[in-house]
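If you read the protein sequences in the order shown, they are chains A and B.
All residue numbers for the first sequence refer to UniProt numbering, where the first residue is 1 and numbers rise by one.
All residue numbers for the second sequence refer to UniProt numbering, where the first residue is 1 and numbers rise by one.
You may find that some hints are simply not true.
Claimed, not checked - Across the chosen pairs, the derived CB separations fall in these ranges:
hint, chain 1, residue 1, chain 2, residue 2, range
1, A, Gln76, B, Asp376, 35 to 41 Å
2, B, Asp161, A, Lys55, 35 to 41 Å
3, B, Arg175, A, Pro358, 53 to 59 Å
4, B, Gly417, A, Glu88, 30 to 36 Å
Keep in mind that the hints were calculated from the coordinates and are not lab data.
Even for Gly, the Cβ is constructed at its ideal location relative to N, Cα and C.
2 protein chains.
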Amino acid sequence: MTVTDHPRYDTRLDRYVDSYAQRTNGMRVSAVRALFAVANRPEIVSLAGGMPNIKDLPLGDIADSMAEMIRTRGTQVMQYGSGQGEPELREQILDVMALEGIVAHPDDLVITAGSQQGLDLVTRIFCDPGDVVLAESPSYVGALGTFLSYQVEVVHVPSDDQGLDPVALVETIARVKAAGKRIKFLYTIPNYNNPSGVTQSARRRLDIVAACRAAGVLVVEDNPYGLLALDAEPIPAMRSAADDVIYLGSFSKTFAPGFRVGWVLAPHAVREKLVLAQESATLCPPVFSQFAISNYLANHDWKGQVVVFRDMYRGRRDAMLSALEEEMPPGTSWTRPAGGFFVWVTLPEGLDSQAMLPRGVDARVAFVPGSAFYADGQGARNVRLSFCFPPAERIEVGVQRFAEVVRRELDMMDIFGVHSPAPIEPHRPAGPGPDLS
Amino acid sequence: MTVTDHPRYDTRLDRYVDSYAQRTNGMRVSAVRALFAVANRPEIVSLAGGMPNIKDLPLGDIADSMAEMIRTRGTQVMQYGSGQGEPELREQILDVMALEGIVAHPDDLVITAGSQQGLDLVTRIFCDPGDVVLAESPSYVGALGTFLSYQVEVVHVPSDDQGLDPVALVETIARVKAAGKRIKFLYTIPNYNNPSGVTQSARRRLDIVAACRAAGVLVVEDNPYGLLALDAEPIPAMRSAADDVIYLGSFSKTFAPGFRVGWVLAPHAVREKLVLAQESATLCPPVFSQFAISNYLANHDWKGQVVVFRDMYRGRRDAMLSALEEEMPPGTSWTRPAGGFFVWVTLPEGLDSQAMLPRGVDARVAFVPGSAFYADGQGARNVRLSFCFPPAERIEVGVQRFAEVVRRELDMMDIFGVHSPAPIEPHRPAGPGPDLS
Numbered sequence: 001m002t003v004t005d006h007p008r009y010d011t012r013l014d015r016y017v018d019s020y021a022q023r024t025n026g027m028r029v030s031a032v033r034a035l036f037a038v039a040n041r042p043e044i045v046s047l048a049g050g051m052p053n054i055k056d057l058p059l060g061d062i063a064d065s066m067a068e069m070i071r072t073r074g075t076q077v078m079q080y081g082s083g084q085g086e087p088e089l090r091e092q093i094l095d096v097m098a099l100e101g102i103v104a105h106p107d108d109l110v111i112t113a114g115s116q117q118g119l120d121l122v123t124r125i126f127c128d129p130g131d132v133v134l135a136e137s138p139s140y141v142g143a144l145g146t147f148l149s150y151q152v153e154v155v156h157v158p159s160d161d162q163g164l165d166p167v168a169l170v171e172t173i174a175r176v177k178a179a180g181k182r183i184k185f186l187y188t189i190p191n192y193n194n195p196s197g198v199t200q201s202a203r204r205r206l207d208i209v210a211a212c213r214a215a216g217v218l219v220v221e222d223n224p225y226g227l228l229a230l231d232a233e234p235i236p237a238m239r240s241a242a243d244d245v246i247y248l249g250s251f252s253k254t255f256a257p258g259f260r261v262g263w264v265l266a267p268h269a270v271r272e273k274l275v276l277a278q279e280s281a282t283l284c285p286p287v288f289s290q291f292a293i294s295n296y297l298a299n300h301d302w303k304g305q306v307v308v309f310r311d312m313y314r315g316r317r318d319a320m321l322s323a324l325e326e327e328m329p330p331g332t333s334w335t336r337p338a339g340g341f342f343v344w345v346t347l348p349e350g351l352d353s354q355a356m357l358p359r360g361v362d363a364r365v366a367f368v369p370g371s372a373f374y375a376d377g378q379g380a381r382n383v384r385l386s387f388c389f390p391p392a393e394r395i396e397v398g399v400q401r402f403a404e405v406v407r408r409e410l411d412m413m414d415i416f417g418v419h420s421p422a423p424i425e426p427h428r429p430a431g432p433g434p435d436l437s
Numbered sequence: 001m002t003v004t005d006h007p008r009y010d011t012r013l014d015r016y017v018d019s020y021a022q023r024t025n026g027m028r029v030s031a032v033r034a035l036f037a038v039a040n041r042p043e044i045v046s047l048a049g050g051m052p053n054i055k056d057l058p059l060g061d062i063a064d065s066m067a068e069m070i071r072t073r074g075t076q077v078m079q080y081g082s083g084q085g086e087p088e089l090r091e092q093i094l095d096v097m098a099l100e101g102i103v104a105h106p107d108d109l110v111i112t113a114g115s116q117q118g119l120d121l122v123t124r125i126f127c128d129p130g131d132v133v134l135a136e137s138p139s140y141v142g143a144l145g146t147f148l149s150y151q152v153e154v155v156h157v158p159s160d161d162q163g164l165d166p167v168a169l170v171e172t173i174a175r176v177k178a179a180g181k182r183i184k185f186l187y188t189i190p191n192y193n194n195p196s197g198v199t200q201s202a203r204r205r206l207d208i209v210a211a212c213r214a215a216g217v218l219v220v221e222d223n224p225y226g227l228l229a230l231d232a233e234p235i236p237a238m239r240s241a242a243d244d245v246i247y248l249g250s251f252s253k254t255f256a257p258g259f260r261v262g263w264v265l266a267p268h269a270v271r272e273k274l275v276l277a278q279e280s281a282t283l284c285p286p287v288f289s290q291f292a293i294s295n296y297l298a299n300h301d302w303k304g305q306v307v308v309f310r311d312m313y314r315g316r317r318d319a320m321l322s323a324l325e326e327e328m329p330p331g332t333s334w335t336r337p338a339g340g341f342f343v344w345v346t347l348p349e350g351l352d353s354q355a356m357l358p359r360g361v362d363a364r365v366a367f368v369p370g371s372a373f374y375a376d377g378q379g380a381r382n383v384r385l386s387f388c389f390p391p392a393e394r395i396e397v398g399v400q401r402f403a404e405v406v407r408r409e410l411d412m413m414d415i416f417g418v419h420s421p422a423p424i425e426p427h428r429p430a431g432p433g434p435d436l437s
C-alpha cells in the first residue's frame, strides 16, 4: 500500500488527554520549532543548526574497513551486547579522554545512545519531581528539555565571559537551599559552551568543583566540543582534577553524530545505577554503532581527522567573527569563542530576538532566539549563531542578512518607540530536535 | 595507559546514597543476574538467553551493500536525523507490518532504539508513580523492569494456554478500579509470549481489545516474535483490528538485534508525545542503524531470510520438545509454542526453580527461574527454557542436564520432605540485560 491510498483515520483529537503522565506537561513543542520547518528551505542560510560538517571524513576508507568488520565479526557486531557498553570501546575511550587530562578506569564508563542519553540517564537516577538542577546562563536547550521532562526545576547561575561565576554559584546554592529545595547537581559545559561559546578558565573550574563539593552538590560536566579547540590547546577537563565529577563525552563532533554514541564516566556506585537505567531504557546501547566507532578509532587516523575538523571550523568561525565586525550595528555585542560551534549575540536594548525570527526567515536567514537557552524567560535580547555547518561564503551572506534584520528592527523602534513583540507564544525549551542540537 | 597501572580510587562506598531519585528503588540487580555471569562459561549449556541465532545471515552480501551505502550516502547516514525516525524506513516498516494485517500511516510511526526503548517511552508518557499497568501471567522481565523503574504497580491478569483470559481481565480491571487506582494500559505479547510461548487466539484478541476499550484502558501490543511463526501462518495482530492499540515492533529477531531498531505505531496524538519524549531521551534514534536496516530491507531477500530463520528455529524447538518428552520426570508440564523462542515449564509441586538455579549451573545448564517474569512473587514452580541460541544437539544435552537436576530435587524432597528454598534473596525484576532479553 502507499501513503496516499490509505484512508486517514480520525485520531487527531486527543482522546488520551486525561491519561498522560504529569511529566508530559514539561514536553511541549516550542513555537520556534514550527519556524524551523520553514527554515530548511535551501534559499535560507541557516545559522540555527548544530549539525557538524562531516563531508571531509574519508568515506571510502571507512566503507572498506566497515565491510571488513562485518565480514569478519558480523555475528558479534550485530548481536545484543553489554548493557554497560562494549569493553573494547570503553578501553579506547580512555585514550580519548586522556587528551583532556582524564585518568579513569573502563569499569566506570557507561556507553550511551549519544551524550543526550547520558544526560537523560543521569537525570533519571538522580532527580525526583521538584528537585533543582543548577545550570549556566545560558545553557544547552536539549539539557533544559530533558530536565523539564523529569519535572526538575532549573535554576540558572549568573555567568560571564569566563563562564559560570563561582561566587554567584555559592550564593545561588545558599538561596536555593534556604528555600528548602534539594539541589541534585550542577550541569555545566565548560568548553565552548552551547550556546554562548564561552570557556571556563582553569581557575574557575577548580573553584566551581570546590564550591559544589563543599555544598554536597554533584557536578555534571558535559564536554562534546572539548577537542574542537580552535586557538590554544584545551584546558584540562574538570573531571581531570576531581574523580567525583560525572563526565559526559560524545563522538558526535569528533567523528559523526549518526552513530549515536556517547558515554558517561561516573563514580563507581553511580555507574552501577546508570547501567541498570540503561538496561531498562534500551537493554544495551547500539552495538553495531559501538563497534563501528571502535573500528574507526583503531584503523583510521582519527586524531589527524580532528585536526582537519579544527582547521575547517576555525575558518568558519573567523568568517563569522569578521562578518559580525563589519556588519552589525552599534550596540550589538558578541562572544569570541575559542572553539566549538557557536557565537552568542547580545542585541541592542529593546529588541526581542524571538519576535525577530519570522522576519529573519523572511529575509532568508535562520537563527535560534536566546530564550530557548533559558528555563526562566531570560534571553530576549540574545541570539545563538552557529558557524559549524554552512561554508564561509554562506556564513558571510547569513550574517549580512541577519544584520539587515537587526537594522530594520532598530529603525522600526526609532519610528514607533519601544518594540512590541509579535504575538507568538512564549518559548519553552523542549526536545530540541536535530536542528537545535 | 592500561587498566592495570591505574591506581583504583576509592569510590566503592556509595557516597551518593541519599541523592538518588526514588525511582532507583525499583532498579535493583537481581540475585539471578550474578549467576548468569558464571553461566557464560563455555561448558555450560545456556537455555537462559534470548539471543537470536544470526549466523545464517549473508554477511558478505551485507558487508558489500553497507560499504556501498557509506560510499554514496555517508554524510547522510552518519549525520543527525529526525527525532521521529527516517521517513524511508518508516515507509518500509508499513510493508513489514502489512504481513500481520496492519494498515497504518508512516506519520504515526516513531522509530526507537530497540522495542525496549519503545516500551520505555510509552511508559514515560503515560505513567505517573503509583499508576497501574496490567500484564499477562507471566510477562516479559524487561517490561517489568521498565515499569518498576517508573514506579508503576504491575497487576498480573490470569492467563492460560490460549493467553490472557478476557473474563479474568474484566474482573481484574473492576477490582483495581474499585481500589481507587488508575490503570494506564494493558501490556501484552499476544504472539509466542516471552516467557510462556503461548499465543492468544484470534477470538481472545478481539475480546481483550473490546474489554479494554469499554474500560478506557489502552492496549500496548508487543510483537517482537510475530513473524517467527513455526507452524501455521501468524494470527493477525491486535492492531490490525483496532487503530487505537499501541503497537511495538522490532527488527531484533527478524534481522539482527545489534542495530537496536524497533518502532512504536500509535494514534496520532500519542505519537506526537512519543517524538518529544524520544528527542528528550536521545535527540534521535540511531541514524546509521536505521539506514543500515533500510538498506537491508531494500537490497536483500529479507522475507526469504525470515523463512530460513523459521526453519532453523523450528528444528530447535522440535529438539527441545522431544527432549522434554523423553527426559522430564512425571508431574512436570510445559507449553508447546507455535513460534518464538521459549518453552515455559511447570515443575512438580514443592519445587522452587530459583533455589534450583545454582544446582543447575553446577550441573552445567542455565535457565531462567519463573519468578523473574512476575512482579508479585509468583512463578516459583516455573522455568523459562529458550531454544533460540544453542544448536539442537546442545539443546538435547541441556534438557538432559536440566531433567537430572529436577530428578535430584525430587529425590531430595522425598528424603527430607518439603523442599526448603536456599537462602537466596527474593528476585525482583530489573533491567534484564541481554542474557534475559
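Here's how the hints hold up against the structure:
Between Gln76/A and Asp376/B the Cβ separation comes to about 37 Å, which falls inside the hinted range of 35 to 41 Å. Look at Asp161/B against Lys55/A: about 58 Å separates their beta carbons, and that is not inside 35 to 41 Å. In this structure the hint that Arg175/B and Pro358/A lie 53 to 59 Å apart at CB holds, the actual value being about 55 Å. At roughly 52 Å, the beta-carbon separation of Gly417/B and Glu88/A lies outside the given 30 to 36 Å, and the hint is violated.
In summary, the structure is inconsistent with hints 2, 4 from the numbered list given earlier, while agreeing with the others.
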